[in-house]
Structure formats: C-alpha cells, structure tokens
Amino acid sequence: GENVGLHLPTLSVQEGDNSIINCAYSNSASDYFIWYKQESGKGPQFIIDIRSNMDKRQGQRVTVLLNKTVKHLSLQIAATQPGDSAVYFCAETFKAAGNKLTFGGGTRVLVKP
Amino acid sequence: DTAVSQTPKYLVTQMGNDKSIKCEQNLGHDTMYWYKQDSKKFLKIMFSYNNKELIINETVPNRFSPKSPDKAHLNLHINSLELGDSAVYFCASSQSGRPWGETQYFGPGTRLLVL
Numbered sequence: 019g020e021n022v023g024l025h026l027p028t029l030s031v032q033e034g035d036n037s038i039i040n041c042a043y044s045n046s047a048s049d050y051f052i053w054y055k056q057e058s059g060k061g062p063q064f065i066i067d068i069r070s071n072m073d074k075r076q077g078q079r080v081t082v083l084l085n086k087t088v089k090h091l092s093l094q095i096a097a098t099q100p101g102d103s104a105v106y107f108c109a110e111t112f113k114a115a116g117n118k119l120t121f122g123g124g125t126r127v128l129v130k131p
Numbered sequence: 005d006t007a008v009s010q011t012p013k014y015l016v017t018q019m020g021n022d023k024s025i026k027c028e029q030n031l032g033h034d035t036m037y038w039y040k041q042d043s044k045k046f047l048k049i050m051f052s053y054n055n056k057e058l059i060i061n062e063t064v065p066n067r068f069s070p071k072s073p074d075k076a077h078l079n080l081h082i083n084s085l086e087l088g089d090s091a092v093y094f095c096a097s098s099q100s101g102r103p104w105g106e107t108q109y110f111g112p113g114t115r116l117l118v119l
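Taken in order, these protein sequences are the chains called L and F. For the first sequence, the positions run 19 to 131 when this note's numbering is used. For the second sequence, the positions run 5 to 119 when this note's numbering is used.
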C-alpha cells in the first residue's frame, strides 16, 4: 500500500460527529475557492466552492465558510461517515490567474467507527 | 461514462526513457490541465490548454511537452525521464477556462515510477 502522505495533518473523528477542516490562504487577491476530496488511489473530487462575495455556502452535509479578513477557509462535514475518510484539499485562484488553481497541503480525515 | 480518463494508470520505466500519458474528457469542456502530485501529496499545476491553445505554462523542465490535438484531448510527453519525475500526474478539465475561476474536474491519475 501507499505510505505517502503520512506527514499530512490528520483529523480523527468519530462516526456521526461533525468534522471541521481548516485552510489558511496567503493571497488576499484570491476570489474563488474550492474544496476537493481525494480518496486513496483516486483523483481529487469536487465537493463545494465559494466566491469571495459570500462568506458561507451549504451543500449536502457540507458547509464552507470564508473569512477574508483573516484569509481562512473551513469545510464542515455534518454527521461524518466512514466514506468521508480521505485527504481534503482547499484550492484558490484569482481573476488574473487565468483559472490557475493553487492547492493547499491537504488534511487527512480518518473516521473511526 | 468516465468524464476525464487517463492512460495508462500505472507507468514504470527506466531513467532516460521517453514516455507519454494520454488524457481525454467527454464533458465538452474547452479547457484542460496537467497537474503533478508529489510523494507528499502536494498538487501543482503544470500546464493548461484552452481550445488547443496553451494558456498556462508553469516552471516545468522543457523535457515535458504537452500536446492538444483537439479540445477533448491533452497528452503529456516526457523526454529523458529522471528519478524526480516519479509522481502521480493528473489531468483535469473545466468548462471554458474563464479567468474568474470555475470548477475543475480531475481524472483518476497516472502513477509514474522512474527506476
């Protein structure tokens, strides 16, 4: 099996609890943000996005919060399930970047039964 | 029904060889990308093409050459492979490459190991 990514910050959460994954970004010009989920051996999968004119957006069991003042993004997962175990990435871009996404380092979420 | 597909899934080769990775999307998108994910899971963009035209070209060795025969395909050719090229390479696509940001959809990845 893979032993890559063991250095990743890890969030262990009990099944059924809520998870909060945090991401700090550095570019104050960033105006579009995406959360991706990457399961072992697969490509990143889109979860939810948010533009800088919003501070909150909700999806199915997920909520993204954006705090532009402190350049912080979070992903909240309600009632975490075993299938939520994965590495989660935030990504950012800004208008002049030509849709070039800059990814954060990733957080591993482990759901305990 | 695969939206973004890549071949091969695994590629093991010797240092110094030349290899290609292929990517196809059936989403009707105009823009395609190549990303490299290293052993620490860090994802970094390499190239982007919009309607067969190169629009993003990051600081990548010129041994890497992308080619887009049509807007549904973006291939990556790598010459003179080096040990440091070992990584997972992801292809992605987005609808129109609008500069104000849009969702990118990723393929399953090609795991390249250079020996």
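In short, the hints are calculated from the structure, not lab data. Source: prediction; values computed, not measured. Wrong hints could be hidden among the right ones.
Which bits of chain L does chain F cover? Going by a derived footprint, with three or more residues having C-beta under 8 Å, they are [unchecked claim]:
1. 36–42
2. 71–82
3. 111–117
4. 121–128
Yeah, the Cβ is synthetic: ideal placement off N, Cα and C, and Gly gets one too.
The hints, checked one at a time:
no. : hint    : in the structure
1   : 36–42   : violated (count 0)
2   : 71–82   : violated (count 0)
3   : 111–117 : holds (count 7)
4   : 121–128 : holds (count 3)
Violated hints, in rising order: 1 and 2; the structure is consistent with all others.
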